Amino acid sequence: MSNAMNTSDTILDIRDVTRTYFMGDQEVNALRGISLSIKRGEYVAIMGPSGSGKSTLMNTIGCLDVPTSGTYRLENDLVNEKSEDELADIRNKKIGFVFQTFNLVPRISVFQNIELPLIYKGVSKRERRKIVNQVIDDVGLSDRAQHKSNELSGGQRQRVAIARALVCNPSIILADEPTGNLDSSTGREIMEILNALHKQGNTIILVTHEDEIAAHAHRVVRLRDGLIESDTVTKSVHLATTDSAVS
Amino acid sequence: MNLALDISESFKLSLSALVANKSRGALTALGIIIGIVAVITTMTAANGLKNTFRETFASIGSDVIYVSKRPWISMGPGFEFRNRKDITLAQSKKLQQRLQGRGVVNPSIGGMRNLKYRSKVLEDIRIMGTTEKQIIVSDMVPSTGRFLMPFDVEYKKNVAVIGSEIAKDLFGQSGAVGKIIKVGRHKFSIIGVMEEQGSSFFGGPNFDRQVFIPISTFSKTLGTRGGRANVSIAIKAPSPEEMADFEYEVIGEIRKIRGLKPAEKDDFSLNKLDTILSAYNNMMGVVVAVGLMITGISLFVGGVGVMNIMFVSVTERTKEIGIRKAIGAKRRSILMQFLFESSIICLFGGIIGLLISAAITQIINQTLMPASISPSIIVTALIISVVVGVISGIVPAYRAAKLDPIEALRYE
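Here the protein sequences come in this chain order: A and B.
All the letters of the first sequence, read from the start, carry residue numbers 1 to 247 under the numbering used here.
All the letters of the second sequence, read from the start, carry residue numbers 1001 to 1412 under the numbering used here.
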């Protein structure tokens, strides 16, 4: 994966995207023409009340969904025209999902959960072991590696999910209400991890409806009725490309 | 994505899912186990029957033609055969002369009679009137004593060579040769005991329960009143290679002997080992086909059970499928995971089924007939199991593979 992009350091570019789907025979315009550009190393919060289209936007950015019209480029790659398996491949390599409900696979161990994306990527067993052990260490769960996910606390589960999101070294970390199912102190822990990841140069997109959580981001995009209501930079951004402090 | 890696990982993922849900997997496999046991036991039983049949008729040489009034195997009513003129001893002698020493001609005649030795009675024993050439046309030799000799036939001696089973029943371990048995009111002196011929086909002739006496003696003492003696003539070809030509020659000579005009149909039947074998194979083919069809139904039901569980499994794990897709599983990976799961269940069922079949076959072998599980049956059973697994898994697995990741993730 090349980090050096010839045009700019724009990591994703959404142009005039609409998404219409049908619930029964009712037409729902979830996105009604959204344009959004995010640069590498940004820390963006997407906010909005329920029904504002933020879930649909997140699914689109996460390549789980494709726009009805408009274009979506991820690292200059046009996503709208991809087949389902190509989308799976993009999700695997470029997107790291962190969900509100953790979404770990039950029955299998922490190690195996974190290993899954690498299996789908086709990484050899030896290589996988090395990467997974490293990432587990990073989130501080080395002593829990062989535990099943249902033997962990909520905070631990979310850390496993973050480890799983990081394991393929994605272009974007997409966190959907990552603290929604956690108590506030555990939530803070998780946000600290995300903040740290951002400091290391990762691009993070945070979907939330809590101002407190959104405050961690450097830029807040507010949606209403399928349109962008506001897009404000809340903190001065040190983009990864100019930040030499990355270890 | 590397296919080999994909396969081995799918296999492991499926296995871990099965291990997590052991009792369900085992119950589902039960259907397959029953199906495989039914199918495999049918196959081994069919093989056993075939073996028994071969052993039974092993003493009939493949280069021997039997000319008799009735065919050994016939369909429908036998009026046509009943009205035929008898084949006589005289015709047998003429045939021998006409063949001018080529081949071996042996007339024989048989009937069921009771056999007595002191107070012991054996009922419905096949008494064969024959000549010394019997042991040339059929592959049997006496184990003790001697067989009939030309002079026994010529002088119509009251001598008998008995089958091994009769010897055992009447005399146990003590020697049979020299003992006197009675057939009807006629006394026969035992001059020999035949070698054991082994297991006999159900309903077929048991060659260990027959008695050979000179054909001349048979006509004199046991023949029906009025001299009706329906002889069967066994003719051994000079060599197996000449069998086909020799057969035509024999037909021609017998037609001449029985005075048939060129347009007339044969009024006798030609029987060969081939005739029985092909009739048997036809019959067994049908029986085995029907048997496999019926037992196949149980396997089919087992397969439906697997399919059912796979649908449940896919529905239960909708969310998991969504997660896997979100983190990069392609359709193929999901498809394979579930296909492997159903195949493993079925393969497991197949292996257990084979073990049970092996035990049943062992019991059949010890009680009914020589039966065994051949390597080809093992391979067939395993292949069938996997095929059933793939077939019953394909629709649920396909449904899983094409789930929409967003919908699947939302599923609770």
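Just so you know, the hints here were simulated from the structure itself, not pulled from any lab data.
One thing to keep in mind: the hints can contain errors.
Capping the alpha-carbon separation at 20 Å, the derived lysine to any residue pairs in SDA-like fashion look like this [unchecked claim]:
#, chain 1, residue 1, chain 2, residue 2
1, B, Lys-1012, A, Arg-107
2, A, Lys-148, A, Gly-122
3, B, Lys-1319, A, Met-58
4, A, Lys-148, B, Lys-1069
5, A, Lys-121, A, Thr-71
6, A, Lys-125, B, Lys-1261
7, B, Lys-1069, B, Lys-1261
Please read all numbers here as calculations on a predicted model, not as lab measurements.
Outcome of the hint check:
no.: 1; hint: B:Lys-1012 with A:Arg-107; verdict: holds (13 Å)
no.: 2; hint: A:Lys-148 with A:Gly-122; verdict: violated (23 Å)
no.: 3; hint: B:Lys-1319 with A:Met-58; verdict: holds (18 Å)
no.: 4; hint: A:Lys-148 with B:Lys-1069; verdict: violated (82 Å)
no.: 5; hint: A:Lys-121 with A:Thr-71; verdict: violated (26 Å)
no.: 6; hint: A:Lys-125 with B:Lys-1261; verdict: violated (88 Å)
no.: 7; hint: B:Lys-1069 with B:Lys-1261; verdict: holds (18 Å)
Violated hints, listed in ascending order, are 2, 4, 5 and 6; each of the other numbered hints is respected by the structure.
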